[in-house]
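Visitor: If you want the building blocks of each chain, they are given just below.
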Amino acid sequence: MKSVKRGAIAAAALAAAVTGSQELRAADDVIKVGVLHSLSGTMAISETTLKDTVLMMVDDINRSGGLLGKKVEAVVVDPASDWPLFAEKARELLEKEKVAAVFGCWTSVSRKSVLPVFEELNGLLFYPVQYEGEESSRNVFYTGAAPNQQAIPAVEYLMSEDGGGAERFVLLGTDYVYPRTTNKILRAFLNAKGISDADIMENYTPFGHSDWQTIVAEVKAFASQGKKTAVVSTINGDANVPFYKELGNQGIAAEEIPVVAFSVGEEELAGLDTGPLVGHLAAWNYFMSVEAKANDAFIEQWHAFIGDSDRVTNDPMEATYIGFKMWAQAVKQAGSTDVDAVRQAMYGQTVPNLTGGTAVMNVNHHLSKPVLIGEIQDDGMIETVWSTEGEVPGDAWSDYIPESAKLTADWTYPWVCGNCEAPTYAMN
Amino acid sequence: MMSFGRLARSLLFLAVTAALLLPATAAAEVSADLKGLAERSNDAKAAAVERLAAGGEARAVAILQAFLDGRLFRTKEDDRFVIGARSGGGYVIADAVTGEALGEVGKRALRKVRINNRLRQLVKGKLGSLTLGSPDPAARIRAADAVFRSERAEMTPALQAALEREQDAKVAARLRRALAATQLARSDDKETRIAALRTLADFVDPEVRALAAAVAALGTDGTPAEPDSEIRAAAQETLDEIERGLAFNGFLANVFQGVSLGSVLLLAAIGLAITFGVMGVINMAHGEMVMLGAYTTFVVQEVFRAAAPGLFDLSLLVAVPAAFLVTAAVGVGIERGVIRFLYGRPLETLLATWGLSLILQQLVRSVFGPTNREVGNPSWMSGAWEVAGGLTLTYNRIWIIVFALAVFAVLVLVIRFSRYGLQMRAVTQNRAMASSMGIRTGWVDAMTFGLGSGIAGMAGVALSQIDNVSPNLGQGYIIDSFMVVVFGGVGNLWGTLVGALSLGLVNKFLEPYAGAVLGKILVLVAIILFIQKRPRGLFALRGRALEA
Numbered sequence: 000m001k002s003v004k005r006g007a008i009a010a011a012a013l014a015a016a017v018t019g020s021q022e023l024r025a026a027d028d029v030i031k032v033g034v035l036h037s038l039s040g041t042m043a044i045s046e047t048t049l050k051d052t053v054l055m056m057v058d059d060i061n062r063s064g065g066l067l068g069k070k071v072e073a074v075v076v077d078p079a080s081d082w083p084l085f086a087e088k089a090r091e092l093l094e095k096e097k098v099a100a101v102f103g104c105w106t107s108v109s110r111k112s113v114l115p116v117f118e119e120l121n122g123l124l125f126y127p128v129q130y131e132g133e134e135s136s137r138n139v140f141y142t143g144a145a146p147n148q149q150a151i152p153a154v155e156y157l158m159s160e161d162g163g164g165a166e167r168f169v170l171l172g173t174d175y176v177y178p179r180t181t182n183k184i185l186r187a188f189l190n191a192k193g194i195s196d197a198d199i200m201e202n203y204t205p206f207g208h209s210d211w212q213t214i215v216a217e218v219k220a221f222a223s224q225g226k227k228t229a230v231v232s233t234i235n236g237d238a239n240v241p242f243y244k245e246l247g248n249q250g251i252a253a254e255e256i257p258v259v260a261f262s263v264g265e266e267e268l269a270g271l272d273t274g275p276l277v278g279h280l281a282a283w284n285y286f287m288s289v290e291a292k293a294n295d296a297f298i299e300q301w302h303a304f305i306g307d308s309d310r311v312t313n314d315p316m317e318a319t320y321i322g323f324k325m326w327a328q329a330v331k332q333a334g335s336t337d338v339d340a341v342r343q344a345m346y347g348q349t350v351p352n353l354t355g356g357t358a359v360m361n362v363n364h365h366l367s368k369p370v371l372i373g374e375i376q377d378d379g380m381i382e383t384v385w386s387t388e389g390e391v392p393g394d395a396w397s398d399y400i401p402e403s404a405k406l407t408a409d410w411t412y413p414w415v416c417g418n419c420e421a422p423t424y425a426m427n
Numbered sequence: 000m001m002s003f004g005r006l007a008r009s010l011l012f013l014a015v016t017a018a019l020l021l022p023a024t025a026a027a028e029v030s031a032d033l034k035g036l037a038e039r040s041n042d043a044k045a046a047a048v049e050r051l052a053a054g055g056e057a058r059a060v061a062i063l064q065a066f067l068d069g070r071l072f073r074t075k076e077d078d079r080f081v082i083g084a085r086s087g088g089g090y091v092i093a094d095a096v097t098g099e100a101l102g103e104v105g106k107r108a109l110r111k112v113r114i115n116n117r118l119r120q121l122v123k124g125k126l127g128s129l130t131l132g133s134p135d136p137a138a139r140i141r142a143a144d145a146v147f148r149s150e151r152a153e154m155t156p157a158l159q160a161a162l163e164r165e166q167d168a169k170v171a172a173r174l175r176r177a178l179a180a181t182q183l184a185r186s187d188d189k190e191t192r193i194a195a196l197r198t199l200a201d202f203v204d205p206e207v208r209a210l211a212a213a214v215a216a217l218g219t220d221g222t223p224a225e226p227d228s229e230i231r232a233a234a235q236e237t238l239d240e241i242e243r244g245l246a247f248n249g250f251l252a253n254v255f256q257g258v259s260l261g262s263v264l265l266l267a268a269i270g271l272a273i274t275f276g277v278m279g280v281i282n283m284a285h286g287e288m289v290m291l292g293a294y295t296t297f298v299v300q301e302v303f304r305a306a307a308p309g310l311f312d313l314s315l316l317v318a319v320p321a322a323f324l325v326t327a328a329v330g331v332g333i334e335r336g337v338i339r340f341l342y343g344r345p346l347e348t349l350l351a352t353w354g355l356s357l358i359l360q361q362l363v364r365s366v367f368g369p370t371n372r373e374v375g376n377p378s379w380m381s382g383a384w385e386v387a388g389g390l391t392l393t394y395n396r397i398w399i400i401v402f403a404l405a406v407f408a409v410l411v412l413v414i415r416f417s418r419y420g421l422q423m424r425a426v427t428q429n430r431a432m433a434s435s436m437g438i439r440t441g442w443v444d445a446m447t448f449g450l451g452s453g454i455a456g457m458a459g460v461a462l463s464q465i466d467n468v469s470p471n472l473g474q475g476y477i478i479d480s481f482m483v484v485v486f487g488g489v490g491n492l493w494g495t496l497v498g499a500l501s502l503g504l505v506n507k508f509l510e511p512y513a514g515a516v517l518g519k520i521l522v523l524v525a526i527i528l529f530i531q532k533r534p535r536g537l538f539a540l541r542g543r544a545l546e547a
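So the sequences go chain by chain: B and X.
Heads up: the first sequence begins at 0 in numbering that gives the first Met the number 0, then just goes up one per residue.
Heads up: the second sequence begins at 0 in numbering that gives the first Met the number 0, then just goes up one per residue.
Treat the hints as calculated values from the structure; they're not laboratory data.
Heads up, a few of these hints could be off.
Quick list of in silico lysine-lysine cross-link-like pairs, DSS-like style, CA-CA up to 30 Å [to be verified]:
no. : chain 1 : residue 1 : chain 2 : residue 2
1   : X       : Lys-169   : B       : Lys-219
2   : B       : Lys-226   : X       : Lys-169
3   : B       : Lys-70    : B       : Lys-31
4   : B       : Lys-97    : B       : Lys-70
5   : X       : Lys-189   : B       : Lys-227
6   : B       : Lys-292   : X       : Lys-106
7   : B       : Lys-226   : B       : Lys-183
8   : B       : Lys-111   : B       : Lys-183
9   : X       : Lys-34    : B       : Lys-292
10  : B       : Lys-331   : B       : Lys-70
11  : X       : Lys-75    : B       : Lys-292
12  : X       : Lys-189   : B       : Lys-226
13  : B       : Lys-227   : X       : Lys-169
14  : X       : Lys-75    : X       : Lys-106
15  : B       : Lys-331   : B       : Lys-31
16  : X       : Lys-75    : X       : Lys-111
17  : X       : Lys-519   : B       : Lys-219
18  : X       : Lys-519   : B       : Lys-111
19  : B       : Lys-192   : B       : Lys-219
Derived contacts from chain X toward chain B, CB cut-off under 7 Å, selection only [stated by the list, open to error]:
no. : residue
20  : Arg-208
21  : Ala-209
22  : Ala-212
23  : Ala-213
24  : Ala-216
25  : Thr-370
26  : Gly-375
27  : Thr-391
28  : Thr-393
29  : Val-516
Ideal Cβ placement from N, Cα and C applies to all residues, glycine included.
Turn these sequences into a full structure, and let the hints guide you.
Guide: This is how it looks when you write it as structure tokens:
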């Protein structure tokens with residue numbers, strides 16, 4: 000009798016404990032991820048799409064049972080294209096919302112603004128946009144292209160026979176850190192290839208520049224000096240539409256003066272009649288036009304999620320997709336959302352690219368990805384005309400700038416460092 | 000895209016030429032070359048283009064043209080080469096070799112035979128040599144230009160023959176240019192080359208300049224590219240002559256660009272000249288009126304696309320009054336709802352209208368989405384008028400200058416001669432007196448604000464042709480607009496005109512030397528200094544209006 004009673008009590012206690020733990024679990028039954036993309040202001044045009052991409056990925060993972068048995072919940076904030084506000088919102092996400100990871104930022108200046116916050120609070124940021132390199136933070140995973148995965152191959156292509164054999168270059172950019180650094184690397188690269196400074200023209204314009212008449216005329220004049228000339232454009236955001244309109248109207252044919260752009264994708268071309276632009280180039284790691292099963296499935300999923308079959312997909316969306324998948328895999332592997340554990344699990348993580356091949360996360364927090372160069376078509380798509388044979392590992396520190404060529408980024412033992420000339424834990 | 004009539008005519012013509020000149024190649028050979036076009040390697044593709052063009056068959060021209068236009072496909076189903084013409088979401092296809100019609104298929108059923116810039120240039124050159132004898136002068140000009148760019152030695156006799164036949168002076172000039180360029184590049188005879196350089200000196204053209212510069216230039220190692228010193232001297236002479244012409248044309252182009260920028264500034268500022276200049280309301284939402292005008296254009300064009308695609312070219316003519324009415328209505332709403340409570344309190348007006356501008360932006364973002372909207376250019380606003388080498392005036396800019404001046408003229412007439420204009424001037428000069436004379440001052444205020452906003456909306460129609468149609472469109476113009484109005488003299492329409500044009504010109508003449516960023520800063524500094532000296536702007540209003 001006594002034992003039965005005791006058994007009953009034990010069972011009750013056990014049951015209580017189980018329900019208790021269930022209640023406890025219910026409280027943190029969700030894994031929160033932060034979405035830090037501008038939904039208003041000048042960058043909303045590009046970043047809103049990425050917010051939707053993250054929401055789509057979250058929706059997708061929840062449909063297939065969540066992560067570690069928990070539901071994933073996206074916390075969306077709007078930093079409103081205001082760089083200091085990015086830092087405030089990042090702090091809010093990490094301190095108040097206690098998110099496991101943040102997907103966000105577009106411009107380099109916004110990334111630089113949140114960097115100290117992520118390092119101070121040991122957060123995780125997945126940055127999905129091509130950028131100027133020269134950085135490797137312990138708290139950031141860069142899923143967009145580094146210069147050696149976009150700018151350098153593009154210029155090599157322009158110099159090749161297929162690309163027209165360009166010998167003179169115009170470097171046009173918006174006046175901020177990404178174009179200036181990229182052009183510094185390109186100038187060093189071109190000089191190394193035997194192209195003198197006299198054959199390089201650099202020009203910067205403010206954000207949102209809309210009157211391109213003079214600059215396009217200057218490019219024409221620069222191109223008429225007897226050598227094949229190509230334009231490398233790091234023009235960002237809204238300024239591209241009037242730039243391309245002016246190019247088209249002044250009748251600059253792509254065979255004569257090809258323009259290769261690093262910030263113009265399917266999304267930017269959507270507001271434009273691309274008829275006069277056929278043949279101008281773009282360099283990315285992803286094009287919507289690539290025929291692959293994974294890509295078709297992704298496009299279909301996107302159209303279903305956004306409820307509009309006219310919407311395009313672009314490279315930063317693929318980078319967001321890869322970043323999110325890798326993070327989810329790393330969380331599964333680590334069995335926890337703890338930042339340090341997830342970071343360790345990230346290295347060597349692989350996700351199939353949407354365009355074929357496999358993206359690998361390297362120890363310098365950059366991906367190995369294929370590089371594609373495409374020509375703009377009259378339907379606003381970009382068709383691949385050249386691609387690398389395999390994946391190119393992203394290089395945090397450019398080999399073409401003397402002071403950064405010496406630096407190594409490697410966050411595993413014995414280096415454990417983002418910009419070192421020697422390992423931190425080297426044996427003496 | 001080439002019209003069917005013209006395509007058919009040129010095909011017929013080519014078939015006749017081909018039949019006269021060359022034996023018909025077997026369809027099998029054409030198919031083999033087609034396979035070559037679809038190779039992965041660009042060298043193989045280029046070889047296939049050469050073979051197709053050498054065959055000279057009419058079919059080959061159609062195939063090359065389709066290849067160039069991106070209309071040459073392979074069907075996924077049976078791997079057949081077809082030429083497609085777009086229709087709706089899919090393509091109407093015909094067999095590339097036989098021309099047999101194969102009906103309509105979806106986009107996804109076809110794989111495009113890819114072309115790139117290198118091949119495009121090659122194909123254009125080949126097509127040019129095949130179409131030098133076309134009956135259409137425009138096609139002959141295109142052909143001559145393609146040959147000019149390809150500089151192929153074997154074209155010399157064909158060019159000479161074509162030049163002798165040619166009646167049209169314009170085409171003849173292009174042919175002479177192509178011939179001289181070919182001779183300069185490919186001939187071994189010194190006299191011929193020097194004569195070619197002399198001929199080229201007549202063409203003030205950046206592309207010809209490039210040719211002469213290549214001959215006159217020093218190589219990378221410091222040795223001259225051209226060993227013969229006489230030829231080099233002739234090239235230098237040609238180069239100098241072309242450069243003189245280009246410099247003059249460059250000056251004219253600069254003036255045009257300055258006037259064009261000025262006209263954009265004028266359009267953006269002219270509405271503000273009324274609301275700020277005449278009424279004294281600091282309207283920070285002025286830029287958003289411009290933006291609403293641009294979105295109205297977008298909506299009108301969507302209606303045209305859906306209901307009457309054939310009349311698309313007329314869409315802007317409908318968009319102008321539509322944008323005026325929409326933004327004028329919004330303007331009247333703002334005036335009646337907000338601003339009339341704040342007259343005489345400029346700071347509150349500034350904050351309230353700034354808040355309104357944010358609300359309007361976010362509203363548009365919610366309704367139309369944050370991404371750019373495509374506003375098409377009607378055909379009469381696309382392309383450029385090539386006046387001379389180095390002087391190309393784009394049609395959209397020309398029309399915007401005309402439009403800006405027309406809007407300005409109409410506005411001046413309305414204010415000077417209409418009954419409403421008289422009332423408006425009366426109210427701004429002396430509100431109490433006007434009121435006691437029986438003028439409904441509240442109504443005049445609302446109408447004036449509506450007029451200013453409506454004009455901003457019309458500016459939006461014009462700006463949609465050269466700028467992004469996005470929720471941020473207006474922000475880029477608000478500062479410039481205030482600058483123009485303050486510089487020109489508050490309350491004076493003529494001041495706005497002169498202010499806008501002079502700012503445009505100064506900006507464009509500074510830009511080549513100072514760059515776009517520094518140029519803008521310099522202009523801003525100059526205006527600040529100018530305002531220190533003349534606080535009332537270029538044309539100050541005198542008399543009682545100042546005290547009002």
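Visitor: Provide an ascending list of the numbers of those earlier hints which the structure does not satisfy.
Guide: none
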